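Q: Sequence:
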Amino acid sequence: MSIKVAIIGRPNVGKSTLFNRLAGKKLAIVHDKPGVTRDRKEAQTKLYDLPLLIIDTAGYEYSNGNNLESRMWEQTKKAINEADVCLFLYDARVGLQPYDEYFADILRRQHKPVILLANKCEGKQQEDSRFEAYKLGLGDPIPFSAEHGLGLQDLYEALKIYNKQEQAENINNDDNNSKSLQVAIVGRPNVGKSTLVNALLKENRMLTGPEAGVTRDSISSNWEWKGYKFKLVDTAGLRKQSKVSDSLEKMSAASSRYAVNMAQVVVLVLDADAILDKQDLTIASKVLDEGRALIIAVNKWDIANKKEAIDRLKYRLKTSLTQVEGIPTVTISALKGEGLDKLMAEVVKIYNRWNSRIATAPLNQWFADAIANYPPPLGRNKRRIKLRYITQAKIRPPSFFIFSSNPEGLPDSYLRYLINSLRTTFDFGGIPIRLTVRKTNNPYADQK
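For the sequence shown, counting from 1, position 54 maps to 713 in the working numbering; every step adds exactly one.
In case anyone wonders, no lab produced these hints; they're calculated from the structure. Treat the numbers as computed from the prediction; the structure is a model and nothing was measured. Glycine residues also receive a C-beta, built at the ideal position from the N, C-alpha and C atoms. Each statement offered as a hint is correct.
List of simulated lysine to aspartate or glutamate pairs, EDC-like, C-alpha gap at most 20 Å:
| # | residue 1 | residue 2 |
| --- | --- | --- |
| 1 | Lys937 | Glu967 |
| 2 | Lys977 | Asp948 |
| 3 | Lys861 | Asp1000 |
| 4 | Lys966 | Asp936 |
| 5 | Lys736 | Glu760 |
| 6 | Lys885 | Glu1005 |
| 7 | Lys1008 | Glu984 |
| 8 | Lys705 | Asp743 |
| 9 | Lys663 | Asp813 |
| 10 | Lys861 | Glu997 |
| 11 | Lys663 | Glu816 |
| 12 | Lys1045 | Glu1067 |
Pair ranges (Cβ atoms, derived):
| # | residue 1 | residue 2 | range |
| --- | --- | --- | --- |
| 13 | Lys1053 | Ala1031 | 24 to 32 Å |
| 14 | Glu760 | Asn740 | 19 to 27 Å |
| 15 | Gln769 | Ile1030 | 29 to 37 Å |
With these hints in hand, go ahead and build the complete structure from the sequences.
A: Following this line, the structure appears as structure tokens:
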């Protein structure tokens, strides 16, 4: 079954050239004059082994009358509606234009998958234009040249996930496990990780006992809770690295670290009588450094000195785990099955936060307000650093690029201020945030 692909963009960015490249022959007229393509043109083709039905469309030009441009746009809208995925081209040589941003906003509201192609990107001089394209909020721009056939392998990899036949085979072969939320249960030895997994599964799936280190390998179990599918991964206890000499324990620790790297949400299980000791903090820091969403589960709460435990937890979070604020904490008793629904509700909530994308308009409104409330300091050249705009480049974890023509000398303290404000404003509590400042030329400098 072919993937239906609509090629979209403003006039003269190379849509018909790409159409011909994918079709393997000159089916569409290509000319330097804008607006040559007016109707939808379709062709059945293959990109390597990937069957495609490609649709060439007219370049977008705004019109609100009953004229040729508006009818061309109606044809383009039909192509978007029928497509499985849209290829959005912009000209990397000239950089983003107002129509690019307007068109990108329309595409985002269509809720269609979009692959962003930085066309005419034959040299390094187009790097600034590529970084600028994150402003569109359409994900990572693929460096591309329809004329020279550069970037076809990257395009193939991006399109492959929309292969309906492959998706159907994956669902049948994998029993829908690809849609499961992967949760790693980690912590020091003997804090109750396996007991917690058994309590959730309501069976003695994991071997447990009073001895430390009963679990040696990471064991995954498929499980459903209130309609959500999970893959729960029980891991071996992690001791201080300097105390690990046995080769088997080293392998167990490596397996646990791999489980953390592959997880989407990590539950750090603590013993209520020894909350967030040095090894717990080391584990938590590594989880956050890997960009995973973190939840703290305080186990054995039924026998704990509750006031003392809460006071210690608050103090340790405030003083020793400052890189991420608002980490959710849940008190549980795995042995008695208490607090488990609350724990899983927090897992779902933090996963949604970790997986969320902020719309461009509110993101840049927050950015403008944050800068107005606390302007950036003077740079190395004694001029105030100008931060021009921000865009969310990725999710899982939320990652943002700030663009500035003179970012040199921006202190880490100012980035921490922006991260904390971002976390508070958009409810990213417990989520690691990546914030990177990139230097770029201002594409509108000549228009001022």
